[in-house]
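Peer 1: Sequence:
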Amino acid sequence: FLTWRSPCLGCGTKNINGHGIFCANFFTSKGDFPRCGAAYCGECYTDYEDSPFPVQRTVDEEEDGEEMGFEVDDEAKKRFMHGRTGDHVMGVGFECDVCNFRNINKRDVVWNSEKDLNTLRYIRRASLDVMWSRESDTVRDNFRRMQKDWKSAQEELTIGNVFPKMGRPEMEDKNGIGVAVVMLHTSKRKGRYGDHLQVETIRKTATWYMNAYTAITEEDDGTLFASDDKTMFASSSPTRTKWFQRFQLGMKRRMGVTRKQDEAINSEQILALLETGEHYWKLAADAQEKRGIANIMAFVVIGYGASLRGEEVPLASIKGLNEFWKESMSRGLLMVTLRG
294 FLTWRSPCLG
304 CGTKNINGHG
314 IFCANFFTSK
324 GDFPRCGAAY
334 CGECYTDYED
344 SPFPVQRTVD
354 EEEDGEEMGF
364 EVDDEAKKRF
374 MHGRTGDHVM
384 GVGFECDVCN
394 FRNINKRDVV
404 WNSEKDLNTL
414 RYIRRASLDV
424 MWSRESDTVR
434 DNFRRMQKDW
444 KSAQEELTIG
454 NVFPKMGRPE
464 MEDKNGIGVA
474 VVMLHTSKRK
484 GRYGDHLQVE
494 TIRKTATWYM
504 NAYTAITEED
514 DGTLFASDDK
524 TMFASSSPTR
534 TKWFQRFQLG
544 MKRRMGVTRK
554 QDEAINSEQI
564 LALLETGEHY
574 WKLAADAQEK
584 RGIANIMAFV
594 VIGYGASLRG
604 EEVPLASIKG
614 LNEFWKESMS
624 RGLLMVTLRG
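In the numbering used here, the protein residues as written are 294 to 633.
Hint data in this document are derived by calculation from the structure and do not stem from the laboratory. Do not take every clue at face value.
[As the list claims (entries may be wrong)] Taking lysine-lysine pairs in the DSS-like style, the calculated list, with each CA pair at most 25 Å apart, reads: (1) K535 / K399; (2) K535 / K467; (3) K467 / K545; (4) K370 / K545; (5) K467 / K370; (6) K535 / K545; (7) K307 / K371.
Make a model of the complete structure from these sequences and hints.
Peer 2: Shown next as structure tokens:
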């Protein structure tokens, strides 16, 4: 593959000496189809202009999704939107959109079918997410070092082809790109706090697929690791491949993670809670019920007033409260003492 040459399907420029991105089936016939021959310049393998998939564009965002005013530069805007020379030899195989479509559907693309064309768009996005699980500098340095080492060795040594043949002649979705396409479709659904679902919610798609796959195949590959509270099993599921793990990482980097922090309780809300507690305390039928209401209200007031976490409130010491009661109350304060 370091000697492959072909015109780019995007711009027509001829890529030589393995430069660009080559489909693994460049010289391989898949099923009854002729050899693929697909190759691209790195930046010509791009997402579509009207891509519906969300891309994180700012360093940070407000919780309502509005930008905080800091926008990345023009070069960074291209992140996640195109491939890079050498992406096809970065540890996971790259097959072009048409080959992947054939892997999923066991047939060729019907070019006047809107559904087939839409599927190709999703496949392109999934492939780009896999690529962008690695940064551009890493991809560039890996490819340059590979070329340099190989060329230098060839000048002084007699070395045959140390690489196995690239390409997969069988039409089979071994990497789970079909599930990846379903996940991308799921990602467009409106979320609770934004215009799209968050990554952790999207991953549930891979979870239900894994559960169904294991139930159907009834895999029994043995235990790899076991301890008192955790067991790991071997699995042949496509969602456990290196390719699929790279896809999930790349998708997470592209979409980012929006964290919805718990909002603080304000003083007006605390006063409203106390008023409610006072109302139910007056309606209580006996002393035991009143004590229960009083305990709840004390928990609320101590936690809010002393800024304690929930597990810290029970550490409040009644003995300490009594000891400093008069002194602190005379100043209009209440000293809350904690055990330990």
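Peer 1: When the hints from earlier in the document are held up against this structure, which numbers fail?
Peer 2: 5
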